[in-house]
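> Each chain, written out:
There are 4 protein chains.
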Amino acid sequence: MNTQTREIIVEFPDIVVTKKDRLLIAGPCSVENRDQLFRIAEAVRKSGIRFLRGGAFKPRTNPYSFQGLQEEGLAILKEASEQFELKIVTEIVDASHIPLFEDTVDIFQIGARNMSNFHLLKQVARVSRPILLKRGFSATIEELLMAAEYLVSGGNTQVILCERGIRTFETATRATLDLSSVPIVKKISPLPIIVDPSHATGRSDIVASMALAGLVAGADGIMVEVHHNPPKALCDGLQSLTLESFQSLVNEIERLKPFLSV
Amino acid sequence: MNTQTREIIVEFPDIVVTKKDRLLIAGPCSVENRDQLFRIAEAVRKSGIRFLRGGAFKPRTNPYSFQGLQEEGLAILKEASEQFELKIVTEIVDASHIPLFEDTVDIFQIGARNMSNFHLLKQVARVSRPILLKRGFSATIEELLMAAEYLVSGGNTQVILCERGIRTFETATRATLDLSSVPIVKKISPLPIIVDPSHATGRSDIVASMALAGLVAGADGIMVEVHHNPPKALCDGLQSLTLESFQSLVNEIERLKPFLSV
Amino acid sequence: MNTQTREIIVEFPDIVVTKKDRLLIAGPCSVENRDQLFRIAEAVRKSGIRFLRGGAFKPRTNPYSFQGLQEEGLAILKEASEQFELKIVTEIVDASHIPLFEDTVDIFQIGARNMSNFHLLKQVARVSRPILLKRGFSATIEELLMAAEYLVSGGNTQVILCERGIRTFETATRATLDLSSVPIVKKISPLPIIVDPSHATGRSDIVASMALAGLVAGADGIMVEVHHNPPKALCDGLQSLTLESFQSLVNEIERLKPFLSV
Amino acid sequence: MNTQTREIIVEFPDIVVTKKDRLLIAGPCSVENRDQLFRIAEAVRKSGIRFLRGGAFKPRTNPYSFQGLQEEGLAILKEASEQFELKIVTEIVDASHIPLFEDTVDIFQIGARNMSNFHLLKQVARVSRPILLKRGFSATIEELLMAAEYLVSGGNTQVILCERGIRTFETATRATLDLSSVPIVKKISPLPIIVDPSHATGRSDIVASMALAGLVAGADGIMVEVHHNPPKALCDGLQSLTLESFQSLVNEIERLKPFLSV
Numbered sequence: 041m042n043t044q045t046r047e048i049i050v051e052f053p054d055i056v057v058t059k060k061d062r063l064l065i066a067g068p069c070s071v072e073n074r075d076q077l078f079r080i081a082e083a084v085r086k087s088g089i090r091f092l093r094g095g096a097f098k099p100r101t102n103p104y105s106f107q108g109l110q111e112e113g114l115a116i117l118k119e120a121s122e123q124f125e126l127k128i129v130t131e132i133v134d135a136s137h138i139p140l141f142e143d144t145v146d147i148f149q150i151g152a153r154n155m156s157n158f159h160l161l162k163q164v165a166r167v168s169r170p171i172l173l174k175r176g177f178s179a180t181i182e183e184l185l186m187a188a189e190y191l192v193s194g195g196n197t198q199v200i201l202c203e204r205g206i207r208t209f210e211t212a213t214r215a216t217l218d219l220s221s222v223p224i225v226k227k228i229s230p231l232p233i234i235v236d237p238s239h240a241t242g243r244s245d246i247v248a249s250m251a252l253a254g255l256v257a258g259a260d261g262i263m264v265e266v267h268h269n270p271p272k273a274l275c276d277g278l279q280s281l282t283l284e285s286f287q288s289l290v291n292e293i294e295r296l297k298p299f300l301s302v
Numbered sequence: 041m042n043t044q045t046r047e048i049i050v051e052f053p054d055i056v057v058t059k060k061d062r063l064l065i066a067g068p069c070s071v072e073n074r075d076q077l078f079r080i081a082e083a084v085r086k087s088g089i090r091f092l093r094g095g096a097f098k099p100r101t102n103p104y105s106f107q108g109l110q111e112e113g114l115a116i117l118k119e120a121s122e123q124f125e126l127k128i129v130t131e132i133v134d135a136s137h138i139p140l141f142e143d144t145v146d147i148f149q150i151g152a153r154n155m156s157n158f159h160l161l162k163q164v165a166r167v168s169r170p171i172l173l174k175r176g177f178s179a180t181i182e183e184l185l186m187a188a189e190y191l192v193s194g195g196n197t198q199v200i201l202c203e204r205g206i207r208t209f210e211t212a213t214r215a216t217l218d219l220s221s222v223p224i225v226k227k228i229s230p231l232p233i234i235v236d237p238s239h240a241t242g243r244s245d246i247v248a249s250m251a252l253a254g255l256v257a258g259a260d261g262i263m264v265e266v267h268h269n270p271p272k273a274l275c276d277g278l279q280s281l282t283l284e285s286f287q288s289l290v291n292e293i294e295r296l297k298p299f300l301s302v
Numbered sequence: 041m042n043t044q045t046r047e048i049i050v051e052f053p054d055i056v057v058t059k060k061d062r063l064l065i066a067g068p069c070s071v072e073n074r075d076q077l078f079r080i081a082e083a084v085r086k087s088g089i090r091f092l093r094g095g096a097f098k099p100r101t102n103p104y105s106f107q108g109l110q111e112e113g114l115a116i117l118k119e120a121s122e123q124f125e126l127k128i129v130t131e132i133v134d135a136s137h138i139p140l141f142e143d144t145v146d147i148f149q150i151g152a153r154n155m156s157n158f159h160l161l162k163q164v165a166r167v168s169r170p171i172l173l174k175r176g177f178s179a180t181i182e183e184l185l186m187a188a189e190y191l192v193s194g195g196n197t198q199v200i201l202c203e204r205g206i207r208t209f210e211t212a213t214r215a216t217l218d219l220s221s222v223p224i225v226k227k228i229s230p231l232p233i234i235v236d237p238s239h240a241t242g243r244s245d246i247v248a249s250m251a252l253a254g255l256v257a258g259a260d261g262i263m264v265e266v267h268h269n270p271p272k273a274l275c276d277g278l279q280s281l282t283l284e285s286f287q288s289l290v291n292e293i294e295r296l297k298p299f300l301s302v
Numbered sequence: 041m042n043t044q045t046r047e048i049i050v051e052f053p054d055i056v057v058t059k060k061d062r063l064l065i066a067g068p069c070s071v072e073n074r075d076q077l078f079r080i081a082e083a084v085r086k087s088g089i090r091f092l093r094g095g096a097f098k099p100r101t102n103p104y105s106f107q108g109l110q111e112e113g114l115a116i117l118k119e120a121s122e123q124f125e126l127k128i129v130t131e132i133v134d135a136s137h138i139p140l141f142e143d144t145v146d147i148f149q150i151g152a153r154n155m156s157n158f159h160l161l162k163q164v165a166r167v168s169r170p171i172l173l174k175r176g177f178s179a180t181i182e183e184l185l186m187a188a189e190y191l192v193s194g195g196n197t198q199v200i201l202c203e204r205g206i207r208t209f210e211t212a213t214r215a216t217l218d219l220s221s222v223p224i225v226k227k228i229s230p231l232p233i234i235v236d237p238s239h240a241t242g243r244s245d246i247v248a249s250m251a252l253a254g255l256v257a258g259a260d261g262i263m264v265e266v267h268h269n270p271p272k273a274l275c276d277g278l279q280s281l282t283l284e285s286f287q288s289l290v291n292e293i294e295r296l297k298p299f300l301s302v
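Quick note, the sequences are listed as chains A, B, C and D, same order. As numbered in the numbering used here, the first sequence has no gaps in its residue numbers, which increase by one up to the final residue, 302. As numbered in the numbering used here, the second sequence has no gaps in its residue numbers, which increase by one up to the final residue, 302. As numbered in the numbering used here, the third sequence has no gaps in its residue numbers, which increase by one up to the final residue, 302. As numbered in the numbering used here, the fourth sequence has no gaps in its residue numbers, which increase by one up to the final residue, 302.
Here chain A stands alone, though its shape is the one from the complex (with noise of 0.2 Å):
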């Protein structure tokens, strides 16, 4: 892999986000309904962001938990990209879906359980679309570089790696947010790398500090859970910030961008 630095994160048509931009993801867990997704996009795009993530088919660790509204929820996030301008990052569990999300999502995640399956990261590669890879809870970070070779040698060198916590003995957070991992890609590898504090801490009140902490390390940017109403969330509500603490970070990152070094 080539090291030397790219200095576009991802690039569209429309919208281009450099690594001095920094690259700002926001949105819920899952996509639940037309409404509850829409009035989270509106106030996503009012805080400037241009990125709207929400899942619509959610790996989940318990069968009988809710598995997303599927084709339904690719349907409203579509609709809801075309309203407010936003790009859609969902994830995506199956190769078998890849037509399906072709259509409608601008960044596809390959998520932390997703990491190593390596059929599916070999099948994503050809896909024609930036690729946000999570790396796994028990992945060190070579093995998720070597994640991310699977989508470069594939044919796919729009990645864009995330930290979103390791698996260790503290339960104090859900996961041990492993900001290390971001300094150290950054020496190794020419990939950006983005921090979800959300999923590794598993607790709002928390997330916003480790955002900054995150971009303070060097992290090209940000993916954090937002729910308009995070009690009645059907999941990760624990985890969600509100609109209101939503904003309160924007602008603290808004704040601490004189700071960062490019």
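Among the hints, erroneous ones may be present.
Since copy identity is lost for identical chains, a pair holds within one copy or between any two.
Taking lysine to any residue and the SDA-like style, the derived pairs with C-alpha atoms no more than 20 Å apart in a straight line are [stated by the list, open to error]: (1) K227 - G242; (2) K227 - F78; (3) K162 - I138; (4) K60 - E292; (5) K60 - R295.
Hint data in this document are derived by calculation from the structure and do not stem from the laboratory.
Please build the complex by placing chains B, C and D on the supplied structure of chain A, with the hints as guidance.
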């Protein structure tokens, strides 16, 4: 899930394995060529073992590592199966391979990296073959049982769990074999559980000790890697038993059986 | 360190325990009062066990938890030792207690929390008593052997190692019992190693299974917690065997012995 | 414990450090000789830092590794303290050293290996000096706070906590710096908490990034290792900043301060 213990681990028209028998599975990490597989298959069969493992589709961390012989590997496995009257256990990495596997494979293995690939679990649940479900590197016992529930609730109750070690800070072994999972699973689930000391430890010098310990802890069987020439194996040579040390282990297991409770 | 295996695990004028015998140690987490200790000591002795454990100085995470009876606890242990002809195994937490311990204690235990308290190791190395050195929660096997080297190089070669589990993400057990450490230690060190399944698992329902598995893995002995009334124990009740289940375990160990190699 | 936040981190007749100031501590892993310590102390002082770290009694995993200059090291620290008007932070490993330390040391450090050495904590609690309590390798945040409670309940409320990384499976860093502990501690405890990125990461190339990230996460200070000639350091050379890179980090911290909240 019904918590009454199943007496039969796995059942075929010509072979029934009960908990009292224990399920023993052996073979190489991957099918390398016809000669290699046949030499190992012959030795396995001579030891009285009826289940041959061997990878055809290999999920490898590094995209440039040997990825398995794939369809050709399945064909060699089928031939060995017929010649030596062995049942074939091999890993499926993508749902699109199901028809191919149904023609050759007696027990479908879901590997550790795919334990939380719920999409694959849902598809494989529809297959009328027993499924060997390996614990993920970083999966809790509860998550292993939840993954099994994807199979059971999807219609396949012939699930065999497999403890194969979890990731910890210890570097003397490849993973840390968590034998406590064996008696715990047996207390809360009717599913059989076997132990894979080869992948857990990554060291052939302690595989036999841990295999015997696993059986005494209550495991319903053992899966081990065997190779006629471990230093030349295309993968996992360090953890493969030689044919001689494999025969010794089989003898030790026979000697231990009177001490095991059903 | 000389890697020739020691045949004798521990030796006193009246009791010699060889590897063939195995070293069995049992008793309560802590000495609570004379009546409690005597009831348990009597049952331990009746089972044929000659080594009684019991904490007098307890290192507790919470400063407001019961800290042990201290000097009074030692006095009760001494009395029980004389009445039932038992050797006493108890933990020393500070070098200043050495003279006090030398009067009462037959085997000095260094607890998991103090395995890397090198100052304590250096002081205890000068004592002419066997030392039971427990593996730290987060110590590698190599670090355990290095800690032992503080004792051996300090002049005390009567060291007995003890595997008691390491910290991992798994929450079904208190720690993860790493039985692989047993055969590994035996390959690289002449020191005996025993297993403590009580502290490792924290669950009395799997202690016997893991004790037997430990012996089959090659352990030179077992240490377990026993209490005549576990629900009322002042500490670690959940992991203590009742007197009845303890007697069953002793019977199981006797039944297994012919299978065990020396 | 009173959860009202303390405004003063540490206070001496001539120096008061508030949370707004942040506490910066720098120096070598160990005192090697007078010339070494003086060169580093001079550079530390020139950077405006008033707290010098340096080990005199070193807890080393290997008994044959350099164990520190001990009393001679304390004497050199005292001399440097006087010459450069620096406060001395050094680790105490045994309660019997308290009188010796009281004569020289301004902040008593309890190292990670001794966080759960409750006997030492109880003794040091009686000292009228601030105590820097490092988180154990495998201690949860709750256990760190419980260890602090041994100090506070023992009479010493001048406790400063220190996050220094926990043990995980990741091998790219020496430990995994758990910066989430910083905002969590601040929500549930009035005690200040600083970050030690040198011991956590073990790599000088990411120490500055993680130091800045720690401050943004809310840390009340930073402790880093500095050496005038890292490749020749008797311990921890790989993680020591050079005098130049240390000065750069101090400059970066100054540049960051306006963005930090109090």
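> Are the hints correct? Go through all of them and say.
Tested hints:
| no. | hint | verdict |
| --- | --- | --- |
| 1 | K227 - G242 | between (28 Å within a copy, 15 Å between copies) |
| 2 | K227 - F78 | neither (39 Å within a copy, 33 Å between copies) |
| 3 | K162 - I138 | both (12 Å within a copy, 18 Å between copies) |
| 4 | K60 - E292 | both (16 Å within a copy, 18 Å between copies) |
| 5 | K60 - R295 | both (14 Å within a copy, 18 Å between copies) |
Hint 2 alone, counting from the list given before, is not met by this structure.
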